[in-house]
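Chains as they are written, first to last, in our numbering: chain U, 1 to 112; chain V, 1 to 118.
For the record, the hints were derived by calculation from the structure and aren't laboratory data.
Glycine is no exception: its CB is placed at the ideal position from the N, C-alpha and C atoms.
It cannot be assumed that every hint is accurate.
[Said to hold, decoys possible] Short derived list, chain U residues pointing at chain V, Cβ under 7 Å: (1) C12; (2) G43; (3) P44; (4) Y46; (5) K99; (6) Q104.
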Amino acid sequence: DAKTTQPPSMDCAEGRAANLPCNHSTISGNEYVYWYRQIHSQGPQYIIHGLKNNETNEMASLIITEDRKSSTLILPHATLRDTAVYYCIVRGLSSNTGKLIFGQGTTLQVKP
Amino acid sequence: GAGVSQSPSNKVTEKGKDVELRCDPISGHTALYWYRQSLGQGLEFLIYFQGNSAPDKSGLPSDRFSAERTGGSVSTLTIQRTQQEDSAVYLCASSQATGGAGSNYGYTFGSGTRLTVV
């Protein structure tokens, strides 16, 4: 599975959009991009995933560049409760290992 | 159940003792994973079960660690002769490994077991 690179930390003002970048330049054609977040003292929570088209759900939007070498997770109106560590993970559905490998993620601090 | 259930939520044990941590996955989820997270660190993969296939044990840190999954459902992670460096939050997750384009391989995590070895 491809490796990802994320900034270690970011700040965002409450009510503004939080844009979290992720580089995955070695991604292959059958690999999906997944985003999870971990709020302090809780288990990680699935947010969204995509292959090549942009995706949106009730939590966030995922924008994947045309060459698929990077993506951005967008929280449109960040709240204090969105303060968490955000993990970008690339994994192929055909992968027979099954496991997600979590990197260090981006610590997002939403400030009032 | 509605979510992944782990027990106990907290466990304090003396160095050298054995401990068992339990995970009840979401009903129908064929894949089950164990991770651990030391204080201030990221998630470290331990072991993965998928249906009746042999488990992927590549993340187990030593032979003191073992896990089993009975009947394709409940899983137990056992740590023998615990050491202080085993202190961490042990997280279990399950997923539907149904495959196919567009399938959601999203994991659902439990709340974890906080293990403290004194």
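Results for each hint:
With 7 Å as the threshold, the beta carbon of C12 of chain U stays out of range of chain V, its nearest partner Cβ sitting at about 21 Å, so the hint is violated. With a least beta-carbon distance of about 3 Å to chain V, the hint placing G43 of chain U at the interface is held under the 7 Å criterion. Among the interface hints, the one on P44 of chain U holds; its C-beta lies about 5 Å from the nearest C-beta in chain V, closer than the 7 Å criterion. The closest approach between the C-beta of Y46 of chain U and any C-beta of chain V is roughly 4 Å, which is under the 7 Å cut-off, so the hint is satisfied.
Because the closest C-beta pair between K99 of chain U and chain V is about 5 Å apart, less than 7 Å, the hint holds. Checking Q104 of chain U against chain V: minimum C-beta separation of about 5 Å stays under 7 Å; hint holds.
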